[in-house]
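Chemist: One-letter residues, chain by chain:
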Amino acid sequence: MSIAFETHTHDVLVIGAGGAGLRAAIEVSAQGLSVALVCKSLLGKAHTVMAEGGAAAALGNVDPQDGWQPHFKDTMRGGKFMNNWRSAELHAKQAPDRIRELELWGAVFDRTPDGKISQRAFGGHTYKRLAHVGDRTGLELIRTLQDKGIHSGIDVFMECTISQLLKDADGRVTGAFGYWRESGRFVVFNAKAVILATGGTGKAWKVTSNSWEYTGDGQSLAYEAGAELQDMEFIQFHPTGMVWPPGVRGILVTEGVRGEGGILRNSKGERFMFKYLPESTRHMFAETEAEAKQWVDEVLAGKPATVRRPPELSTRDNVALAIYAEVKEGRGTPHGGAFLDISYQDPDRVKRKLPSMYHQFKELADVDITKAPMEVGPTMHYTMGGIKVNPDTQMSAVQGLFACGEVAAGLHGANRLGGNSLSDLLVFGRLAGLGAVEYAKQYGATPKATEDQVKAAADALMAPFERSGEGPYEIHRDLQEIMQNKVGIVRTEEDLKAAVSELDAIQKRVEKVSVDGSIQFNPGWHLAQDLKNMVTVSRAVAKCALERRESRGGHTRLDYPDYSEPLSKVNAVIRKGADGQMEYNQAPLPELPAELKKLFEEDKK
Amino acid sequence: MAHTATANASNATGEKKIATFHVFRGEGEKGEIKEYKVPVESGMVVLDAMHYIQGYQSPDLAVRWNCKAAKCGSCSAEVNGIPSLMCKTRLDHLDLSQPIEVQPLKTFPLIRDLVTDVSWNYQVNKTIKPFTPPDNKPEDWRYYQDDVDRIQEFRKCIECFLCQDTCHVLRNHQRKDAFAGPRFMIRLASLEMHPMDQADRLKFIKEKAGIGLCNITKCCTEVCPEEIRITDNGIIPLKERVVDRYYDPVLWLLRQFGFVR
Numbered sequence: 001m002s003i004a005f006e007t008h009t010h011d012v013l014v015i016g017a018g019g020a021g022l023r024a025a026i027e028v029s030a031q032g033l034s035v036a037l038v039c040k041s042l043l044g045k046a047h048t049v050m051a052e053g054g055a056a057a058a059l060g061n062v063d064p065q066d067g068w069q070p071h072f073k074d075t076m077r078g079g080k081f082m083n084n085w086r087s088a089e090l091h092a093k094q095a096p097d098r099i100r101e102l103e104l105w106g107a108v109f110d111r112t113p114d115g116k117i118s119q120r121a122f123g124g125h126t127y128k129r130l131a132h133v134g135d136r137t138g139l140e141l142i143r144t145l146q147d148k149g150i151h152s153g154i155d156v157f158m159e160c161t162i163s164q165l166l167k168d169a170d171g172r173v174t175g176a177f178g179y180w181r182e183s184g185r186f187v188v189f190n191a192k193a194v195i196l197a198t199g200g201t202g203k204a205w206k207v208t209s210n211s212w213e214y215t216g217d218g219q220s221l222a223y224e225a226g227a228e229l230q231d232m233e234f235i236q237f238h239p240t241g242m243v244w245p246p247g248v249r250g251i252l253v254t255e256g257v258r259g260e261g262g263i264l265r266n267s268k269g270e271r272f273m274f275k276y277l278p279e280s281t282r283h284m285f286a287e288t289e290a291e292a293k294q295w296v297d298e299v300l301a302g303k304p305a306t307v308r309r310p311p312e313l314s315t316r317d318n319v320a321l322a323i324y325a326e327v328k329e330g331r332g333t334p335h336g337g338a339f340l341d342i343s344y345q346d347p348d349r350v351k352r353k354l355p356s357m358y359h360q361f362k363e364l365a366d367v368d369i370t371k372a373p374m375e376v377g378p379t380m381h382y383t384m385g386g387i388k389v390n391p392d393t394q395m396s397a398v399q400g401l402f403a404c405g406e407v408a409a410g411l412h413g414a415n416r417l418g419g420n421s422l423s424d425l426l427v428f429g430r431l432a433g434l435g436a437v438e439y440a441k442q443y444g445a446t447p448k449a450t451e452d453q454v455k456a457a458a459d460a461l462m463a464p465f466e467r468s469g470e471g472p473y474e475i476h477r478d479l480q481e482i483m484q485n486k487v488g489i490v491r492t493e494e495d496l497k498a499a500v501s502e503l504d505a506i507q508k509r510v511e512k513v514s515v516d517g518s519i520q521f522n523p524g525w526h527l528a529q530d531l532k533n534m535v536t537v538s539r540a541v542a543k544c545a546l547e548r549r550e551s552r553g554g555h556t557r558l559d560y561p562d563y564s565e566p567l568s569k570v571n572a573v574i575r576k577g578a579d580g581q582m583e584y585n586q587a588p589l590p591e592l593p594a595e596l597k598k599l600f601e602e603d604k605k
Numbered sequence: 001m002a003h004t005a006t007a008n009a010s011n012a013t014g015e016k017k018i019a020t021f022h023v024f025r026g027e028g029e030k031g032e033i034k035e036y037k038v039p040v041e042s043g044m045v046v047l048d049a050m051h052y053i054q055g056y057q058s059p060d061l062a063v064r065w066n067c068k069a070a071k072c073g074s075c076s077a078e079v080n081g082i083p084s085l086m087c088k089t090r091l092d093h094l095d096l097s098q099p100i101e102v103q104p105l106k107t108f109p110l111i112r113d114l115v116t117d118v119s120w121n122y123q124v125n126k127t128i129k130p131f132t133p134p135d136n137k138p139e140d141w142r143y144y145q146d147d148v149d150r151i152q153e154f155r156k157c158i159e160c161f162l163c164q165d166t167c168h169v170l171r172n173h174q175r176k177d178a179f180a181g182p183r184f185m186i187r188l189a190s191l192e193m194h195p196m197d198q199a200d201r202l203k204f205i206k207e208k209a210g211i212g213l214c215n216i217t218k219c220c221t222e223v224c225p226e227e228i229r230i231t232d233n234g235i236i237p238l239k240e241r242v243v244d245r246y247y248d249p250v251l252w253l254l255r256q257f258g259f260v261r
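Those protein sequences? They're chains A and B, same order as listed.
Residue numbers are given in this note's numbering: position 289 of the first sequence equals residue 289, and the series is strictly consecutive.
Residue numbers are given in this note's numbering: position 238 of the second sequence equals residue 238, and the series is strictly consecutive.
There may be inaccurate statements among the hints.
Think about it this way: if two alpha-carbon atoms lie no more than 20 Å apart in a straight line, the pair counts; the simulated DMTMM-like pairs of lysine to aspartate or glutamate are [as the list claims (entries may be wrong)]: (1) K88/B - D341/A; (2) K362/A - E139/B; (3) K126/B - D155/A; (4) K88/B - D366/A; (5) K88/B - E270/A; (6) K129/B - E103/A; (7) K362/A - D60/B; (8) K512/A - D60/B; (9) K137/B - D200/B; (10) K351/A - D149/B; (11) K137/B - D366/A; (12) K93/A - D140/B; (13) K129/B - E101/A; (14) K93/A - E139/B.
Everything labelled a hint here was simulated from the structure, so no lab data went into it.
Since this is a predicted model, take the numbers as computed values, not measurements.
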């Protein structure tokens, strides 16, 4: 029986329409090639819209001392030197142009008193570096790219899930197979090059800032196609998610609150962050409440800071662990978090700089943040690891398969600095677009999916309807319990070993998952598909976490609390072995070239 | 969200309050109201209840959602007849002694259950001339916060399309052929009022977007979850610009002789 499906043919296919995917598609189109942009949601709803605080770029508008070198160094330090140095260098150098370009496309950033793009402070950034629009920077960014994109000749395919990448006999990528979420009908995209821009995998955890879309699709598609996944153990738990009410547990509270002077206290009223500053960076932060207050006063007055910044602006990994420890030791708030207080400031200013936080807490938690503190706690937010790519072209180990944004690895190392993801997706979205164009131009005639490929992919998709038994929601809940409790913010050998074997069992249940109903907009069926990806990525995370017997950035081991010298020189690499099993290996971390190393030595003098 | 559902189940003490939901289920022309009982958690919103139904009672209930924090505008529906974001409609603000009615947006064609076909909005957006900067942009553009406060208000729009759903020109009179709707009036306003924009969209606003069809009942402003003053700050100033251009007798005369546009 032949299978009904529609076909679309383009030079380049981009999967995922958040900031990275949109920016990549815009670049492909600007270079004169045809491009399809596929997304699971409606256009403009991707997680980029949730980014709040800003995009980091060394424009030097507020702190003129800033430049690409300090941004590069902050990124490497924040990533505990697990970053690919070349990614960090490209990012720091190119981010300012990417921000200015957005203005040309209609973005309206908040202004400095002299009319330039304003910049705010954020954790781990030495200077005020985040271009922002109140606390809805991501919305501004995605809307700007969306409006640019729809006038750039991009073909947009909304509410479409890709279930498989297609390759030819030479191992080159040739397109993808998927289905319309609305109708359930099949669709084939033929393309010379494919760019994955599908974001993270937060929905494998119980408490997360991520929406339903973030199920590790790109990582899993790439893994199945033969690409390598790198440093999957580094998961960012954002320190400030909402903790109450239960329905919004995990929803993001922007780091912008701390950037604007927000203070963290425990239930005893202690400003605990002073005691959690790591020795290596302690000298960069205020020593006393008075010094921290002076910094905030200077920021509020719009002046360059003359003293050191408050301890709340330490890196995310560190603040998240501090809150975790305070709660664990019995000094948590009524709903098990820490107090984050901005209510000491002028209410009108708070509402102007943090409008969506004001509304979010007022409407969802009955808290007026201009009068009372927020309750916050760690929430799974971001995957630093991802598909291993060449930093300059963003191509993976699979010919013609590219990746950019959160789904790719390299830039952030063991811990991402706030604000570096919005600039990441602009810089590397563009580079992936350029890389794919370069590759596609040399490819020759556009490939075409074979009937066998389509049949195999369609059968795999429809299989859950043929089975009877356990549905996807229950398996998903069990997966989230395992990841939350055993592969969470602090980890141990015992928990991780248990997680690895329990995830193997989950994998077997997913292979037998069953769904009911029609193929038309059926969330149960959609989840069954997403679940496959979540399990693959979860297994990769647990394996990498088990093997990294040290604590570094977003990976904390209770049983190995310190850095390990040998592990500081290797990246973790996951790939699918010839026998179909998941393989773990270590690869040497690319060494910093002498001229970049010098930047750090100058500091020590 | 599944974790909410888990919390509901594990916290059950037997004393839990139960809310009754009447949810529209169906495809195309066919459909019916189905009743569901959902245990109430503190702070619970209507979207949590829809997820509970998906997770425990009806896994194929179709509903769009993303951020769950009123930032993406995906979970639009009509709750007790009022166009709302389900993620910010709190159960403790509703009368739980009565069933809560959850219906899809009425202005757009139904796909299934609570999901409607909103693609028309994307087509309208495509017809709007994009931001048009001057030819030579200096490296650092200078313009001031006061100049952009107003358009930043418009740019808060999360494209939930609740204003489009409630606008009687679109909802009752079905004039999608002649009227772009409030969402795109503020999109047009954000471009027209941008201090650096060089394009002129007034002819489009008058003739294609059909601004004359709006008779400023302000229903759109009332349902906007971002509290954008769509009518007062967006539509009325655009109407004034159109009037100044096309209905000023002196300008009309000058235009006849080709002195002005």
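Chemist: A separate judgement is required for each hint: does it hold in the structure or not?
Modeler: Against the structure, the hints:
no.: 1; hint: K88/B - D341/A; result: 23 Å, violated
no.: 2; hint: K362/A - E139/B; result: 40 Å, violated
no.: 3; hint: K126/B - D155/A; result: 12 Å, holds
no.: 4; hint: K88/B - D366/A; result: 12 Å, holds
no.: 5; hint: K88/B - E270/A; result: 33 Å, violated
no.: 6; hint: K129/B - E103/A; result: 16 Å, holds
no.: 7; hint: K362/A - D60/B; result: 32 Å, violated
no.: 8; hint: K512/A - D60/B; result: 18 Å, holds
no.: 9; hint: K137/B - D200/B; result: 19 Å, holds
no.: 10; hint: K351/A - D149/B; result: 14 Å, holds
no.: 11; hint: K137/B - D366/A; result: 45 Å, violated
no.: 12; hint: K93/A - D140/B; result: 17 Å, holds
no.: 13; hint: K129/B - E101/A; result: 18 Å, holds
no.: 14; hint: K93/A - E139/B; result: 15 Å, holds
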